[in-house]
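K.L.:
First to last, the protein sequences are chains E and G. Anchor point for the first sequence: position 67 equals 67 in this note's numbering, and the numbering is continuous, going up by one each time. Anchor point for the second sequence: position 68 equals 68 in this note's numbering, and the numbering is continuous, going up by one each time.
These aren't lab readings, by the way, just hints derived from the structure by calculation. Worth double-checking, as some hints may not be accurate.
[Claimed, not checked] One-sided excerpt, in silico: chain E residues whose CB lies under 7 Å from chain G: (1) 5; (2) 12; (3) 14; (4) 28; (5) 29; (6) 69; (7) 72; (8) 78; (9) 84; (10) 85; (11) 89; (12) 97.
Note that this is a predicted model, so its numbers are computed, not measured. Cβ atoms here follow ideal geometry from the backbone N, Cα and C, with glycine treated the same way.
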Amino acid sequence: MIEPVQLEDFFLNVFSAAVIVVSGAGYAGFYAWGKIARRPGFVISAYASYASLAAAVWVLAETSHFEGFWRVAAGLMLIGYFAAPLAIFRLCTAMHAGEHSEHDRPIANQQQEEEQS
Amino acid sequence: MSVGVLDSRNLNGGQKLAVKYFTVAMVLFVAQILFGLLAAVQFIAPGFLFETLDFSVNRMLHINAMVVWMLYGFIGAVYWFLEEESGVEVVGLKLGEIAFWVLTAAVGIVVLVYLFLQIGAGDDTTRWLINEGREYIEAPRWADIGIVAVMLVFFYNVAGTFSKGRWSGVSGVLTLDLVALVGLYLAGMFYTTNVTVDYYWWWWVVHLWVEATWEVLVGCIMAWSLMKLLGVRRKIVQTWLYIEVALMFGSGILGLGHHYFWIGTPEYWLSIGGFFSALEPIPLVAMVVHSIYDAGVHKFKSTNHPALGWVIAHTFGNFFGAGVWGFMHTLPQINLYTHGTQWTASHGHLSFFGAYATINIAFFYLAVQQWRGNVWMGANLADNGWKWKWSMGLLNLGVVGMTVALLIAGYEQSFIERAVEGSTWSGYFAAQTHPWFTEAMFWRLIMGIVTAAGLALLIWDLATIGAGETRPALVIERHEEPGVKAAVVQTA
Numbered sequence: 001m002i003e004p005v006q007l008e009d010f011f012l013n014v015f016s017a018a019v020i021v022v023s024g025a026g027y028a029g030f031y032a033w034g035k036i037a038r039r040p041g042f043v044i045s046a047y048a049s050y051a052s053l054a055a056a057v058w059v060l061a062e063t064s065h066f067e068g069f070w071r072v073a074a075g076l077m078l079i080g081y082f083a084a085p086l087a088i089f090r091l092c093t094a095m096h097a098g099e100h101s102e103h104d105r106p107i108a109n110q111q112q113e114e115e116q117s
Numbered sequence: 001m002s003v004g005v006l007d008s009r010n011l012n013g014g015q016k017l018a019v020k021y022f023t024v025a026m027v028l029f030v031a032q033i034l035f036g037l038l039a040a041v042q043f044i045a046p047g048f049l050f051e052t053l054d055f056s057v058n059r060m061l062h063i064n065a066m067v068v069w070m071l072y073g074f075i076g077a078v079y080w081f082l083e084e085e086s087g088v089e090v091v092g093l094k095l096g097e098i099a100f101w102v103l104t105a106a107v108g109i110v111v112l113v114y115l116f117l118q119i120g121a122g123d124d125t126t127r128w129l130i131n132e133g134r135e136y137i138e139a140p141r142w143a144d145i146g147i148v149a150v151m152l153v154f155f156y157n158v159a160g161t162f163s164k165g166r167w168s169g170v171s172g173v174l175t176l177d178l179v180a181l182v183g184l185y186l187a188g189m190f191y192t193t194n195v196t197v198d199y200y201w202w203w204w205v206v207h208l209w210v211e212a213t214w215e216v217l218v219g220c221i222m223a224w225s226l227m228k229l230l231g232v233r234r235k236i237v238q239t240w241l242y243i244e245v246a247l248m249f250g251s252g253i254l255g256l257g258h259h260y261f262w263i264g265t266p267e268y269w270l271s272i273g274g275f276f277s278a279l280e281p282i283p284l285v286a287m288v289v290h291s292i293y294d295a296g297v298h299k300f301k302s303t304n305h306p307a308l309g310w311v312i313a314h315t316f317g318n319f320f321g322a323g324v325w326g327f328m329h330t331l332p333q334i335n336l337y338t339h340g341t342q343w344t345a346s347h348g349h350l351s352f353f354g355a356y357a358t359i360n361i362a363f364f365y366l367a368v369q370q371w372r373g374n375v376w377m378g379a380n381l382a383d384n385g386w387k388w389k390w391s392m393g394l395l396n397l398g399v400v401g402m403t404v405a406l407l408i409a410g411y412e413q414s415f416i417e418r419a420v421e422g423s424t425w426s427g428y429f430a431a432q433t434h435p436w437f438t439e440a441m442f443w444r445l446i447m448g449i450v451t452a453a454g455l456a457l458l459i460w461d462l463a464t465i466g467a468g469e470t471r472p473a474l475v476i477e478r479h480e481e482p483g484v485k486a487a488v489v490q491t492a
């Protein structure tokens with residue numbers, strides 16, 4: 001069912017796995033920051049990170065001899081890493097909507113509050 | 001209220017009990033590092049303390065002390081916020097106090113038995129009174145039963161208090177998680193004659209405790225800490241807590257499969273374990289998006305800089321330790337070589353420190369702040385905060401250094417012992433004597449000493465930070481929310 005990694009691919013395999021997670025975080029981080037700061041450069045960096053993630057998934061799949069189910073799993077992983085940060089960013093935006101008006105309320109000190117009460 | 005001195009009148013009932021848990025947690029943290037250092041020395045000088053305090057005993061004490069101090073920290077953290085979160089005094093606090101002393105006495109006895117008796121005949125008496133023999137959960141059966149009993153008291157305190165006071169999203173998730181925390185421990189308390197079946201259930205305790213119930217428990221503690229430290233709105237932390245629980249359970253429960261690869265379970269566990277392990281980094285990537293969002297949208301003002309520093313260390317440590325280091329060797333195609341090598345120890349060191357030790361230390365700082373009368377712990381501390389900064393730096397450097405050293409050793413083992421020599425006995429020794437391995441073990445010891453230095457500084461800092469401080473803590477004023485006494489805003 002599985003064919004182990006070849007000795008000569010050992011480093012490539014573990015390195016590509018690490019690159020997947022780090023690039024995934026890079027893609028998520030650059031995307032979120034680019035959207036918040038309205039800096040297109042960060043969004044481009046996000047997609048560059050995703051490209052690196054996709055390349056790493058390909059290397060991982062090749063060196064791990066993925067076939068059948070495992071290729072489907074790698075495809076799902078690519079889709080998941082692409083879509084999850086976008087969905088989470090939308091969720092963040094929706095959740096924080098209207099928050100600023102609440103946070104603009106006057107600043108107070110707990111001691112003053114205690115004195116008042 | 002006394003300001004600038006450690007005064008228990010500054011604490012509520014739950015917090016007084018929490019301080020006891022935190023104190024024992026720190027003692028066990030010291031024990032963990034001490035026995036870890038002894039074990040590290042034995043890798044370099046195998047004759048050191050041979051037949052007096054063997055490597056197997058040191059390693060057992062090192063890991064057991066870690067598990068127990070983290071549990072003490074989590075329990076303490078929950079008692080700490082219980083009254084504030086529920087709005088009422090802790091229900092059954094006296095019983096909770098008794099449970100604390102029973103647990104602490106039991107831990108003390110177990111450690112003494114580990115140190116002085118160490119082994120038995122391998123019969124029922126050994127299992128009940130000396131050592132159960134299962135890796136990581138070696139506590140004898142009587143202590144196992146005691147742990148479950150104490151956890152039930154803890155559950156009673158928590159569920160009873162929230163039932164009497166008010167429920168919230170945090171309290172609901174926490175209470176349900178405690179049911180799992182107690183229940184899963186039972187899976188490691190019975191024997192079968194089939195080692196595969198035995199391991200099958202053993203992993204329920206080891207994996208599901210750590211990657212499900214502990215993660216959720218830490219999620220609840222983090223949620224409360226973020227409201228306290230940064231003034232994050234309850235609605236937001238609770239929504240994220242629900243998402244995190246869904247993602248953790250969705251990926252973590254069947255991620256258990258990556259421990260079933262090589263214990264004799266059916267082949268389908270290769271696919272299940274591989275697939276769900278690939279999903280496990282997703283909650284961590286989700287946290288990256290939200291952290292960036294919050295950092296960009298809000299200007300953080302924190303009530304407690306050391307605690308916030310440790311929360312940030314938690315974010316990075318959890319991501320790299322659990323996410324990157326975990327996924328690097330979790331697929332069966334590579335795990336065939338890496339399983340059970342120092343690679344696992346590398347992953348274990350960074351992920352336990354990053355995911356759990358950091359959040360406990362953050363809570364210790366919150367506790368000491370309140371214990372001293374809720375004093376200032378923001379910028380411009382009396383000594384410029386050099387002790388907490390250096391202790392954090394040394395602890396992180398030490399653990400990261402050990403992680404890298406163990407990774408090198410594990411990589412070499414996977415190569416030589418597993419791939420080249422085919423997991424033979426001679427392959428094992430060839431790997432253990434290879435220069436890469438011995439050099440890595442030397443550097444692991446050096447980095448262990450750095451970690452110990454960081455711990456010494458941490459203890460010094462916790463004992464002195466805020467002493468003589470007269471400025472009150474930065475106040476994060478909290479808006480009224482329906483059903484909740486106070487939520488959050490920020491002040492300068």
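K.L.:
Taking the least C-beta to C-beta distance, is residue 29/E closer than 7 Å to chain G?
P.N.:
This interface hint holds because 5 Å falls under the 7 Å limit.
K.L.:
Does residue 84/E pass the interface hint, meaning its C-beta sits closer than 7 Å to a C-beta of chain G?
P.N.:
6 Å, holds
K.L.:
Can residue 14/E be said to touch chain G, with a Cβ gap under 7 Å?
P.N.:
5 Å, holds
K.L.:
Close enough to count: is the Cβ of residue 97/E nearer than 7 Å to one in chain G?
P.N.:
Violated. Min distance 11 Å.
K.L.:
Is the interface hint for residue 72/E satisfied, with its Cβ closer than 7 Å to some Cβ of chain G?
P.N.:
9 Å, violated
K.L.:
Quick one, is the residue 5/E hint okay against chain G at 7 Å, beta carbons?
P.N.:
5 Å, holds
K.L.:
Does the closest beta carbon of chain G sit nearer than 7 Å to the beta carbon of residue 28/E?
P.N.:
5 Å, holds
K.L.:
Would you check whether residue 12/E satisfies its interface hint, that is, whether its CB is within less than 7 Å of any CB in chain G?
P.N.:
Result: violated, 11 Å to nearest chain G Cβ.
K.L.:
Does residue 89/E meet its interface restraint, that is, does its C-beta lie within less than 7 Å of any C-beta in chain G?
P.N.:
6 Å, holds
K.L.:
Against chain G, is residue 69/E within 7 Å by beta-carbon distance?
P.N.:
Given a least distance of 6 Å, the restraint on residue 69/E holds.
K.L.:
Classify the hint on residue 78/E as holds or violated, based on whether any CB of chain G lies nearer than 7 Å to its CB.
P.N.:
Result: violated, 11 Å to nearest chain G Cβ.
K.L.:
Is the interface hint for residue 85/E satisfied, with its Cβ closer than 7 Å to some Cβ of chain G?
P.N.:
5 Å, holds
The structure shown violates the earlier hints numbered 2, 7, 8 and 12.
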